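Residue numbers (this note's numbering), protein chains in the order written: chain A, 1 to 291; chain B, 1 to 291; chain C, 1 to 291; chain D, 1 to 291.
Please note: incorrect hints may appear among the correct ones.
Pairs involving identical chains hold if they fit within one copy or between any two copies, as the list cannot separate such chains.
SDA-like mimics (lysine to any residue), calculated; alpha carbons at most 25 Å apart, straight line [said to hold, decoys possible]:
1. Lys152 / Pro118
2. Lys271 / Ala282
3. Lys152 / His86
4. Lys31 / Glu122
5. Lys29 / Arg227
6. Lys271 / Asp284
7. Lys145 / Phe89
8. Lys29 / Asp268
9. Lys29 / Ile176
10. Lys152 / Leu257
11. Lys29 / Arg83
12. Lys69 / Phe89
13. Lys29 / Glu44
14. Lys271 / Gly281
No lab work stands behind these hints: they were computed from the structure.
Quick caveat: nothing in here was measured; it's all calculated off a predicted structure.
Number of protein chains: 4
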Amino acid sequence: MKDHVPLNEAHLKTDLTPSSSLSASSASKTKPVKVGNVTIGGPEFAVIAGPCSIESREQFFETATAVKKSGAVLLRGGIWKMRTSHQSFQGLGPEAVGFIREVLDHTGLQLVSEITDPRQVELLDPLVGMYQVGARNMFNYALLKELGQTRKPVLLKRGFSALVDEWIKAAEYITIGGNQNIILCERGIRTFETSTRNTFDLNAVLVAKSRTSFPVVVDPSHAVGIREFVPKLALAAAVAGADGLIVEVHPRPAEALSDGFQALTLEDFRKLSHDLERVLGALDRTMLKPV
Amino acid sequence: MKDHVPLNEAHLKTDLTPSSSLSASSASKTKPVKVGNVTIGGPEFAVIAGPCSIESREQFFETATAVKKSGAVLLRGGIWKMRTSHQSFQGLGPEAVGFIREVLDHTGLQLVSEITDPRQVELLDPLVGMYQVGARNMFNYALLKELGQTRKPVLLKRGFSALVDEWIKAAEYITIGGNQNIILCERGIRTFETSTRNTFDLNAVLVAKSRTSFPVVVDPSHAVGIREFVPKLALAAAVAGADGLIVEVHPRPAEALSDGFQALTLEDFRKLSHDLERVLGALDRTMLKPV
Amino acid sequence: MKDHVPLNEAHLKTDLTPSSSLSASSASKTKPVKVGNVTIGGPEFAVIAGPCSIESREQFFETATAVKKSGAVLLRGGIWKMRTSHQSFQGLGPEAVGFIREVLDHTGLQLVSEITDPRQVELLDPLVGMYQVGARNMFNYALLKELGQTRKPVLLKRGFSALVDEWIKAAEYITIGGNQNIILCERGIRTFETSTRNTFDLNAVLVAKSRTSFPVVVDPSHAVGIREFVPKLALAAAVAGADGLIVEVHPRPAEALSDGFQALTLEDFRKLSHDLERVLGALDRTMLKPV
Amino acid sequence: MKDHVPLNEAHLKTDLTPSSSLSASSASKTKPVKVGNVTIGGPEFAVIAGPCSIESREQFFETATAVKKSGAVLLRGGIWKMRTSHQSFQGLGPEAVGFIREVLDHTGLQLVSEITDPRQVELLDPLVGMYQVGARNMFNYALLKELGQTRKPVLLKRGFSALVDEWIKAAEYITIGGNQNIILCERGIRTFETSTRNTFDLNAVLVAKSRTSFPVVVDPSHAVGIREFVPKLALAAAVAGADGLIVEVHPRPAEALSDGFQALTLEDFRKLSHDLERVLGALDRTMLKPV
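Pulled out of the complex, with its shape left as it was, chain A reads as follows (with noise of 0.2 Å):
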């Protein structure tokens, strides 16, 4: 046999043979990101929780005031809907505004609401503490490159089939527009596998962790899209040092008009709050307590 040509460099990814320049770097320091008085980033871990769409006043209403009591320290809740079909639910729209404010002016907590189209920041910014960039945006620079121009933090959730290298670089085309204030959310990645709606890609968060100084949380709702796995992944994401969470949470998941099945109750996320604590302080750390 003739002798092979040189194998390049990107054949390092292999299972046998990993490149010993794969490695962790310990030199980085996280920088807090504040939402409103909510810091995420630092020592204590912050908890993001609400129904993954707003549904009715009533629905946003009971799940603001009971993740709140249970230690969410920021409210999520989906204006505009990405949704793979178009003839699935959508998202209110603008007409959601008016309740939203109201819950809001209540619970006393800011919201993380998905931004979809660069021209909606002109409705968004009033209303909200951060914008969420959802996977299928990651990609979508003039979106972030207009994320940019604002000041509100970026809650920026990882392409399904995102690189590591890819996702910081997305990050980038937020600062140069001068915003620094983003949040780096890992919500599972699209492989071979079937049994689970994703694959939770906790690696990712120990990488991302160690190549940059941002604040990296993990959404193990969309991760698995399992209910019965949802609490389990967050308290893994809480050991391994995430740096906090949001999840999806709904007063009566089989009602929900998106994802419910991933969906924990008001109970469910009572429970996993307390676990957190649990083994938060297990390894010296605590919770972020709301406001």
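On the provided structure of chain A, position chains B, C and D as indicated by the hints.
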């Protein structure tokens, strides 16, 4: 646009509309497996540790006594190694048998070692407490059927591209010979991501536990391939409900003949063991103690 | 071993037991799409060629005249580029509009160019014969809906990790606005393999053609990312039944500002065109001729 | 933002900035391999055909005579089958040997059949013209080393998740025993896509041919798993430069004991053979004729 052909069921694997049949089964109850007098799959968390390859009497002795002292209940160590290149270290083979016995006698620990050829049963059967089937051999049904004829327990690693369903069906190739003593081991899967050696699939641990009664352990060393991250994955697996772990430890990783970059030092392992006790305790579990 | 939980339908995605519902539909019939007076999706095979990025008047003019002479019926050329790093060349933007018009007028070819932001419609609509949506924007539904409001054809590239089903549903986001003029483009997917830029998914061309009436073309340049291999993929797509191809050509690839390693030279393209005619002829098809 | 840790080389695997070392080698020249008096890897294109499993004397005889008549130069047929479930048909095993010899004698064709256990060499060596190693066993180094001790050619299928580099290194496990008679076979890889059984990786054929001197053939049957699409992939491989193909054919696919959904009928095969001759002819190649 004309009507589309009805989509086949495999399309349910989509990030947005997971099948409603994706759910955990609460009916599963793990049946413990005994390796000598060590019970895996009971309420206590079991730690298996040792070198990737058995390299010398001195290295194996030093590692074995240290990991026992720090809480390992079984000893790992490769006699034949599976290497992508035939030019890499292939293991000591039969010449190591003499001193292996000495070390086992001295420590009282049982050995977990990989079998790579059905014709190795004769040599290994009197030596090992548990056979290990590596990721590359999970689909080697001739080997699995041979192990079905023994009565020793088998640690069946998941193939790096095996569906959880295929992993379970591979276990059945062992059970048809009458050997029910199987422990499943998640060790990372191959995905598009290249920043870590493999992608640790914690979801799969949860699915495997819900679908079978086999104990499920994790191998955090191969799952990430970066020393500094190994303890974090081990803690994560513990709080997520795994039955134990198998981890690579070497007294001087820089001198290891295989996979030194992912081996814990003796001190790393001691610290991991301490942290495991704490997080397990927070969830009212304990670590299994060496006899 | 206890009974297993019934496997969910997604498990049908297994190498060994594919669903019997995995089958081609013979009912589909492609509906041609007109770009100016060029018909794509009819009996003839259409070739779109040009540079990755429009870099200068001279480079664009030289490429355009050469590819027309060698058989291209439409001209590609990027005005805004999507780059992983914001420090890479981002395209000339609006300043190129003047000389682009000159080149189009001179050659009589229509332009296919990527849109990366819904707010670019105003500038692009009078300039392009067909919009291109890049792989990173296939899930950018805001952009797709905007294009549904135009009447220009849209070349919709498959996301590099999009299921064929998601690709088709993305096309529907365009059709709901009333724009049925869609051409699907397979350009390689992201897999575990690292020896080529992407994995060319020829299977997906066949599936897409069987499930929809949209014409389907391929982009062999991105699909493999290695110049020498590009013509071979182009021939393969032609005999497998694709409706055409879009290929990157540069007069001096070594000087290209983006993706030069995968650009054909003018001479490579001339030779490819010749070979395409021959293999198409063997199957009683012909290449569409420039007007 | 602080400086990032320098990215490791594996990160070059990114859609946007492929390594400049990703290039084809023009130095490679295929060394033909002889199977009996059939030469694979020379200027002519070789077709291997036959049933997935040998099911009965009648089925094997009918298929063998028909495929020979339509241009096959070697006969495929499985005696032992690798099946995910032990409850699926496992092949006839040794009982088929008698009538297999009859069929081979009658047609004058040599047999290509899969070996699944190193202990099968004794039975298979006098029977086969070429051993086949299946995708699940590409990493079974004990089996590969055993085949290195024989002098019969080996058709080495790529593992469904093997890097091209690992596939080549697996071939070297055969060559170290002194057996250089190796033919590589691409048969589809496992990816996120679920609409076809596997993803046909035509790129890998080109890479393997450029990096080694082994002939490279394709298995379009497993690569897509849908009968109607198999001939299109076969034509694609032929014009892209593969050295041949191995394809499943069954007189009555609906009655096949394994993989009937992807088997060509005798008539499908006859038509494919005709089309292959035409497209090869257009590129000045010919099909190898049965002796």
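Problem set entry | Hint numbers not upheld by this structure, sorted from lowest to highest | Of the numbered hints given earlier, those the structure breaks are 4, 10, 11, 12, listed in rising order.
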